Amino acid sequence: MKNYPNIYHTSMSLMNDFIKENPKVIASFMEYTEKASCTGHLSNKIKELIALAISIATHCDPCIAYHTKKALEAGVKSEELIEVINVCIVMGGGPSMMYGIQAYAAMKQFEGDDDEFPDWMNS
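Residue numbers (my numbering): 53 to 175.
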């Protein structure tokens, strides 16, 4: 099974290294990201759920790791995250189901409940 806390930490480490090589462009992107993430009409919690849904739809494991962690930190409950996965499955079919369960695994790992998963979920 993929280790989403490890994917998160590895991705953040690589991002920090990349920022050092490309500070101006990344600083602009990070400034935009920070402004787009600020609470406005939508809470940060809702924005993280939207970002997670897009992460599932685009099949991006580092994005799933990042936005699952950030959603949990924003106060998203497991039941809410599961509902988002369900909507992704409705909209994206089988591929979204497969990446949706990856987000579920990430949630379990970040919550510290990464019990044994079936062999077919291992990668």
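Think of the hints as simulated: they come from the structure by calculation, not from any bench. Among these hints, one or two may not hold up.
Said to hold, decoys possible - Taking lysine-lysine and the DSS-like style, the derived pairs with C-alpha atoms no more than 25 Å apart in a straight line are: (1) 72 - 129; (2) 160 - 87; (3) 97 - 72; (4) 87 - 97; (5) 87 - 99; (6) 122 - 54; (7) 129 - 76; (8) 54 - 87; (9) 97 - 129; (10) 54 - 76; (11) 160 - 54; (12) 76 - 97.
Being a predicted model, the structure only gives us computed values, none of them experimental.
- Query: Going back to the hint list, which numbers does this structure go against?
  - Reply: 1, 2, 3, 7, 8, 10, 12
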